[in-house]
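S.K.: Residue numbers (this note's numbering), protein chains in the order written: chain C, 1 to 121; chain B, 1001 to 1163.
A couple of the hints might just be wrong.
Unchecked claim - If you only want the chain C side, here are some residues facing chain B, beta carbon under 8 Å, derived:
no., residue
1, V11
2, M12
3, H28
4, S74
5, T75
6, A87
7, S94
8, G96
9, K104
10, P105
Calculated from the structure, these hints are not laboratory results.
We treat Cβ as the ideally placed atom computed from N, Cα and C, and that holds for glycine.
The chain contents come next:
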Amino acid sequence: MKILVADDSRVMRQIVIRTLRQAGYAGHDVVEAENGKEALDLVRSEAPDLVLSDWNMPEMTGIDLLDALRSSGSTVPFGFVTSEGSADMRARASAGGALFLIAKPFTPEAFDEVLAPVLKG
Amino acid sequence: MYVQTSYLPQVKEIRDLLTDLLDRDIQVSPTPPLAPTPNNPCTVAVYVDDTLQVTSVIAFDLPLSAYAGAAIGLVPAAGAETAIEERVLNQTLQENVYEVLNIAASLFNHDGATHVRLYDAHHVGAPLPGDVMARALTLGRREDLAVEVGGYGAGRLSVVLVA
Chain C
1 MKILVADDSR VMRQIVIRTL RQAGYAGHDV VEAENGKEAL DLVRSEAPDL VLSDWNMPEM
61 TGIDLLDALR SSGSTVPFGF VTSEGSADMR ARASAGGALF LIAKPFTPEA FDEVLAPVLK
121 G
Chain B
1001 MYVQTSYLPQ VKEIRDLLTD LLDRDIQVSP TPPLAPTPNN PCTVAVYVDD TLQVTSVIAF
1061 DLPLSAYAGA AIGLVPAAGA ETAIEERVLN QTLQENVYEV LNIAASLFNH DGATHVRLYD
1121 AHHVGAPLPG DVMARALTLG RREDLAVEVG GYGAGRLSVV LVA
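In isolation and in its complexed conformation, chain B is listed as follows (with noise of 0.2 Å):
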């Protein structure tokens, strides 16, 4: 039976991704694997195929989370910083950061790969099920970009494929 795969999106595609949606200027580089930990707390966005399978996640550290749902909504940079000390992300930021994580969905959207969606998100500050922290740890097909966006300020994301 052929058995569809999932996608494993380029750096050029991440950063172009951030630079439309965010509309900012988006530098991005190579950083060591992002372990959200309770004291690196991570958004962790949890994406399945059709058929509720996890198959990959994407993990935004908390000075990310803050970033790009700020940006998206034009909140201005010291709303961010605020989220920043606070380590938590007031209700505005949180659904801001989700909306980018839904529409990350279409990174891992080539045609002829798993068609997958956003299930979930688990934020900054909520605990994180083991099952999702595992998935975030698992190395392999994955990206770990630091992520510097324009007018706010530098974080870190992990991409990472699980099916």
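So that you can see chain C by itself, here it is in the shape it has in the complex (with noise of 0.2 Å):
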């Protein structure tokens, strides 16, 4: 499988890749994106089978990239590894098409939890 990370914060992207590796899901390629756009760009020509999103980042945030792709008719799983863990995030996260969010700071079994469905499923 593909898995599309994106995130501003090139330590982040590190950790996320590291976290899924620890929660057993080692071997699958994953794709990096800076920002919202170039996720975007990347889902169109990577074709991934699941996009790990931050909500806030620079040219286009999280919520806008999951915006663009749903009304583009992509159905790409799509999911939130964000600071903002607010139920009223993830209320719009959930109103926009996005299968979880994952709040940083965050655990391997908490990827696990949210991930298992998608990726073994």
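Both chains come to you apart, so use the hints to assemble them.
M.R.: Have a look at this one:
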């Protein structure tokens, strides 16, 4: 499987990829994007099986990325990995078509809980 | 009119956040307020609400800036010690400590409290604007902690509410 990780922080992309491995999801192809706009282009060119996206990013935010994907007919499984964990943000994520929202900081267990149905199902 | 107020994170919440984020054993204890000065350079993060009003600041002293920036990115402790000796963080450590302070915004974002986000971080060695300095020195609603980052070393932080 191919997983797209979108986050403007290089260290956070590293941590997300490391946590994927710790959660038992080693061996997947990982593609990285520095912002929502780059992620949108990469979804089109790379056809990932899952998008893990930050919320606050320059150029295009995560929620705008999700809106753009769904507007264009993409049904790629999409989850947020963000420091925005409020009930309001979770409701917006869900209404936009996100499968889950993982709040930073996170644990491998939190990753496995939400990823198992998507990647093993 | 109902006015939302900022949330002052509890000591345990600060310790838990650093433990999870840095994936290290973190010990905290009370300490006098941290005062950024030219002799005590600090990283100072400024947080704003949705109307861009400054709500709070978080200051890390030089050692904690270096240790937190190193620990989150798995940079060896020697890299942090070099930064402390040279009294400046390299670009990687700056980016890393910025991300620590970015995620620390979640400490304030309790349901019912003012929603805040990181607006800017002034790094160790950069001149600190007067208003940011004044906010960091505000007494009142604040937490001041000595922080031991397991495998790295000890530093200090202050969380200060200004609105």
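S.K.: With reference to the structure, classify each hint as holding or not holding.
M.R.: Hint by hint, here is what the structure shows:
no.	hint	result
1	V11	holds, 5 Å
2	M12	holds, 6 Å
3	H28	violated, 21 Å
4	S74	violated, 28 Å
5	T75	violated, 30 Å
6	A87	holds, 6 Å
7	S94	violated, 16 Å
8	G96	violated, 18 Å
9	K104	holds, 5 Å
10	P105	holds, 4 Å
When the structure is compared with the earlier hints, violations turn up for hints 3, 4, 5, 7, 8 and for no others.
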